[in-house]
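Turn these sequences into a full structure, and let the hints steer you where they fit.
Each chain, letter by letter, is given below.
There are 2 protein chains.
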Amino acid sequence: MIKYMEIHAELLRRISSGVWVIGELIPNEIVLAEEFSCTRPTVSRALGMLVDAGLIERKKRVGSRVMQRATRAAVFKIAIVRNEITARGNSYAYLLLERKIMHPPAHVRAAFGDQDALYVKALHFENNMPYQLEDRWINLAMVPQASAQDFQIQSPNEWLLNAIPYSRAEHVLRAAKVNQKQAENLQLAVGEPVFIIERKTWQEEKPVTIVTLLHPAHKFRIVTQDVGM
Amino acid sequence: MIKYMEIHAELLRRISSGVWVIGELIPNEIVLAEEFSCTRPTVSRALGMLVDAGLIERKKRVGSRVMQRATRAAVFKIAIVRNEITARGNSYAYLLLERKIMHPPAHVRAAFGDQDALYVKALHFENNMPYQLEDRWINLAMVPQASAQDFQIQSPNEWLLNAIPYSRAEHVLRAAKVNQKQAENLQLAVGEPVFIIERKTWQEEKPVTIVTLLHPAHKFRIVTQDVGM
DNA sequence: AAGTGGTCTAGACCACCGC
DNA sequence: CGGTGGTCTAGACCACTTG
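For the protein sequence lines, the chains are E and F, in the order given. For what it's worth, the numbering used here labels the leading residue of the first sequence as 27, then goes sequentially. For what it's worth, the numbering used here labels the leading residue of the second sequence as 27, then goes sequentially.
The reader is advised that the hints may include incorrect statements.
[Said to hold, decoys possible] Cut-off 27 angstroms, straight-line C-alpha distance, at most; resulting in silico cross-link-like pairs (DSS-like, lysine-lysine):
id, chain 1, residue 1, chain 2, residue 2
1, E, LYS207, F, LYS203
2, E, LYS103, F, LYS232
3, F, LYS207, E, LYS203
4, F, LYS29, E, LYS86
These aren't lab readings, by the way, just hints derived from the structure by calculation. Predicted, not measured: the structure shown is a model, and the values here were computed from it.
So, in structure tokens, the structure goes:
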């Protein structure tokens, strides 16, 4: 129904089915506009989407060509842990383990600067079994109102989402063996594998929080989808 | 310089800094067009980008409002393993372990149908240490020319990227302990953690290949970035 | 110089949906 | 009914890059 989407879909088909070969110039925008009985800006919009997806390259005075795909981009969504669990129809529970304002370790100071920060450790349960161990530092220079929160009922995760609704984040995903302390919290044997998400969050380029999320490996997975195709 | 990007950046700032509150209607497009001294389609384009990023909701007859962010979307890129390793300045090596046309297990038959498929197992080395164990099924109904490939020199990963350049994929990311056989291949002790990527690939809705990629946990991580902000 | 992309304007038409 | 968004057209101007 929407013209630029139709055009985009058809061009996508021509690329993925090999009608247009990698490295080859595709017809210019005027020709495509005639073919699809529309104006050039409409074709241009469809081509722009293909550029965003990394499928073609457009060059003035030269034309557009199908690109060699060097990397595959995938996207995944991270929900609030409470919603993730209840969406599966399971019961959710939360337990605060520790909350303290103190001098943070070097890797946190590197982001926040050399000042005290709020440390919070908490557990999230699915069907009364530990699902996620949350280990978090909060930058009090950015979120001073956090020092008035006790985090007994509401997890820092959810509280922060309301206090700092929109922020930029970077994640590191990795696997490891649990150490002694983590194993006790997660009710695992020492050395069992965990899936770890490390997240750093900024608001307007200033660091807000650094969190490490540990999940028992057998209970956690991330599912993604290609972007663009 | 580009007007709709400027407008997008400014609107983003107003959302992330809290000038516009969650749930609140933002000025309508005509008002914004006047403010930014442009026409309505230009404003509309900037708003469209905010919708794509999941930051606002637009409703006809009502207006646009800042949305409560329920999930965080992150994107990561997966490069060809050879490029990933050489980009770090390290040496890359490849070794074929097994190649056989045979009747696949149930989870592969569920995707490919009940027919023989090509199984390939191979190792990718970084600085002469195992980095990735590739365990792959190839759908010969989709890629019959794969049966003529011996995969002694070129990995199925790279070969497929040329044979089927553009395809849709889904990934599952998880962690686990290595079993006996995998541990031997990866030169790990049994029970060590591995980071696993499972990828299914389609071309025009038809399954092409199913692959499991195992990485020693201490050598592998995925780094992502937020989309939209 | 000329052909290609990239963007914007001005205006239009329509769909949706609350009143 | 009328106000909001969503899209498209027709035309324009400019930037870039090759010849």
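Against the structure, the hints come out as follows:
no., hint, in the structure
1, E/LYS207 to F/LYS203, "holds (20 angstroms)"
2, E/LYS103 to F/LYS232, "holds (25 angstroms)"
3, F/LYS207 to E/LYS203, "holds (20 angstroms)"
4, F/LYS29 to E/LYS86, "holds (20 angstroms)"
In the structure shown, no violation is registered for any of the earlier numbered hints.
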